[in-house]
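Participant: So you can see what is in the structure, the chains are spelled out below.
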Amino acid sequence: MTPNDNKAPEQLYAERVKRIKDVVALRTPDQVPVFGPYQLFPYLYSGVTFKQAMNDYAAARRACRKFADDFQPDADFGPILAYPAKPMETLGLKWFKWPGHGLGDNTIYQFVEGEYMTADEYDEFIYDPSDFMLTKWVPRSFAGLEAFASFPTQRRMMWSGWMGLGAFASEEMQESFRIAVEAGKQVNEWWASIGEYNADTVARGFPVAYAAFDWPPFDIIGDTLRGTRGILADMRRHPDKLLQTMEIATKIFVEYGSGAAGADLPLCWIWVHKGTRNFMSDEQFNTFYWPFLREGIVALIDKGIIPMVYWEADIESRLEHIVDIPKGKAIYHIAQTDIAKAKAVLGDTVCLMGNVPNSTLLTGTPDDVKAYCKMAIDVAGKDGGFIMDAAVMLDEAKPENVKAMFDFTREYGVYR
Amino acid sequence: MKEQLVQAIADMEEDQAMELTEAMLAADVDPQEILDACREAMTIVGQRYEAGEYFLPELVIAGDMLTAIGDRVKPLLQSQTAGSNKLGTVVIGTVEGDIHDIGKDIVGFMLDVNGFEVVDLGVDVPAAEFVGKIREVSPQVVALSGFLTLAFDQMKATVDAISEAGLRDSVHVMIGGAIMDESVRSYIGADAYGADATAAVKLAQGWTGGK
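Protein chains in written order, with this note's numbering: chain X, 5 to 420; chain R, 506 to 716.
Hints were generated in silico from the structure; no laboratory data involved. Possibly wrong hints are sitting among the right ones.
[Claimed, not checked] Here are the simulated distance ranges between beta carbons: (1) R:Q509 - X:F181: 40 to 50 Å; (2) R:E524 - X:M167: 46 to 56 Å; (3) X:F115 - R:D665: 47 to 57 Å; (4) X:E259 - R:R544: 25 to 35 Å; (5) R:E622 - X:G170: 57 to 67 Å; (6) X:E128 - R:A531: 47 to 57 Å; (7) X:M137 - R:E524: 49 to 59 Å; (8) R:Q552 - X:A18: 34 to 44 Å; (9) X:P295 - R:E524: 26 to 36 Å; (10) R:D516 - X:P295: 23 to 33 Å.
[To be verified] Chain X is faced by these chain R residues, among others (derived, beta-carbon under 8 Å): (11) M529; (12) L530; (13) D686; (14) S688; (15) V689; (16) Y692; (17) A704; (18) L708.
Note that beta-carbon positions come from the ideal geometry of N, C-alpha and C, so glycine has one too.
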């Protein structure tokens, strides 16, 4: 029996939305919110393999439903991170391995590093990003869409452009269209499942934890286009081209994130991949990474969106730089960064979220978890401005430890 | 010219490094001397990385230069000078189920430039493959890499397999990867964890009596 049991779902929903908006605005809420993005954990906890979750959407929904009912997160991710295997297979997606396709049944999909855009193609991307994506990146990414390499260039469609439509008549192109249509239907089935889950979770009093997903401009180009090694070397080999491309990527960043506008809880999750100190110097960060991400964050804030920046690894050396954003408008999720140091530098500006070590959640005891949570609330949650979560997305963990994180936070993290 | 080549590589002057390599070959410099210059340069790169002056981009470019010069020069060598005074052998790999290689590659690179023979098993490496390679090359150090939480149990399984094969006492085991820490080390039964490539080098040096 929890205090929540007596409340109507509408009331719980309103309280949770207010709780999260309060901490973002650096106002003191009623209690420390606790939620996060969960990858494998809800499925492992409910006895559904990740392979099943990626293939059987009803099973994925049931697992997430059980997780939300048992743990009562302040906002619910649901099954959005169990990507749909069917369209990935139909398309022949090349830059992921996933359960059944190179990985075991209970393994998260993993990215296959590569250069899906080469260093000498920056000019082409800069000139016409859409045409580059359609005729180069798409055929390289999806085995089933290789014929799109001859997709007629749309920027030359005026006047006699239609005379180039002959490319559509080839067998290969027709096959690629057939695959695109099939994958499109399969993607829609998955989205329908996500929509069904979200409507149900809202009806049960849980706000949806995300309204958009986004990636820093540097990672938009670095992840699936140039690849990690490629883009890191480009900072030295092709700095001017890279900077020019960053300006375009910043606009794409704002497009990705803008979908969050108008949601009850307009959280836009921004997954930071290569901005941490393991990957580049502070100087490189301040030249190629942060200025563009900052510009994008401010643009989202101007649209009434709450940027939720997921800073992985250790960002201690970046703190003095990333504090430069509008006050009380965003959330910074931290991982290995020392929470006291982060609070000292960022605390007056941005709500912090994190960072119970995933190692403790897997190898420790409930008391170890409580001890960390107590320290985190004492250090980072004095008058609000803090959300409890694991340090990184939750995969394997002991259920009793996860329970301890939720229960202790609600018990100890109450503001009186 | 050798000193210039060392400087060019260490300072990330790729074009200049290739031009100097060609000029040295044209002047009939012993190809071995060019490779020695590479090794000296990599030591400087390694030091700058440890000092926080260089980061991953510089290691990527240094690695590319090393490959390019090696490809050009090695076919011209009269005889391969066999493994000169290595500090020890390290078997490294990302454990089964995990295909992340960037962290492993940096650690392997830094161990290599610091004088270790590095045997890289790649990614998604089953425990049995580690055991087999340990039998084959008798390393002093085994380095297990992993990025995901699933690596905790895989690393534990790998260390257990090494023990079951009766090889645990003959090797030092270190682990590394984004979310590794002391509690994971103890859970797995490894000898140490390293937060970064510099820490990995220090651990390996400590175990082999180097520096």
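Participant: Taking the hints in turn, state whether each one holds.
Facilitator: Comparing the hints with the structure gives:
1. For Q509 (chain R) paired with F181 (chain X), a C-beta distance near 57 Å fails the hint of 40 to 50 Å.
2. Range check, E524 (chain R) to M167 (chain X): Cβ separation about 49 Å, and the 46 to 56 Å hint holds.
3. F115 (chain X) and D665 (chain R) have their C-beta atoms about 29 Å apart, which leaves the hinted 47 to 57 Å range violated.
4. Look at E259 (chain X) against R544 (chain R): about 48 Å separates their beta carbons, and that is not inside 25 to 35 Å.
5. Between E622 (chain R) and G170 (chain X) the C-beta distance comes to about 59 Å, which sits within the given range of 57 to 67 Å.
6. Hint check: E128 (chain X) to A531 (chain R), Cβ distance near 37 Å, so the stated range 47 to 57 Å is violated.
7. Distance hint check: the CB atoms of M137 (chain X) and E524 (chain R) are about 37 Å apart, inconsistent with the given range 49 to 59 Å.
8. In this structure the hint that Q552 (chain R) and A18 (chain X) lie 34 to 44 Å apart at CB is violated, the actual value being about 58 Å.
9. The supplied range of 26 to 36 Å is met by P295 (chain X) and E524 (chain R), whose beta-carbon atoms lie about 34 Å from each other.
10. Checked against the hint of 23 to 33 Å, the C-beta distance between D516 (chain R) and P295 (chain X) comes to roughly 26 Å, which is consistent with it.
11. Checking M529 (chain R) against chain X by beta carbon gives a least distance of about 23 Å; that is not within 8 Å, so the hint is violated.
12. With 8 Å as the threshold, the beta carbon of L530 (chain R) stays out of range of chain X, its nearest partner Cβ sitting at about 24 Å, so the hint is violated.
13. Hint on D686 (chain R) holds. Least Cβ distance to chain X is approximately 5 Å, under the 8 Å limit.
14. Checking S688 (chain R) against chain X by beta carbon gives a least distance of about 5 Å; that is within 8 Å, so the hint holds.
15. The restraint placing V689 (chain R) at the interface with chain X holds, with a minimum CB-CB distance near 5 Å, inside the 8 Å limit.
16. Taken as an interface hint, Y692 (chain R) checks out: its beta carbon lies about 4 Å from the nearest beta carbon of chain X, inside 8 Å.
17. For A704 (chain R), the shortest C-beta to C-beta distance to chain X is roughly 12 Å, which exceeds 8 Å, and the interface hint is violated.
18. Contact between L708 (chain R) and chain X, as hinted, is not supported at the beta carbon level, the nearest pair being about 18 Å apart and thus beyond 8 Å.
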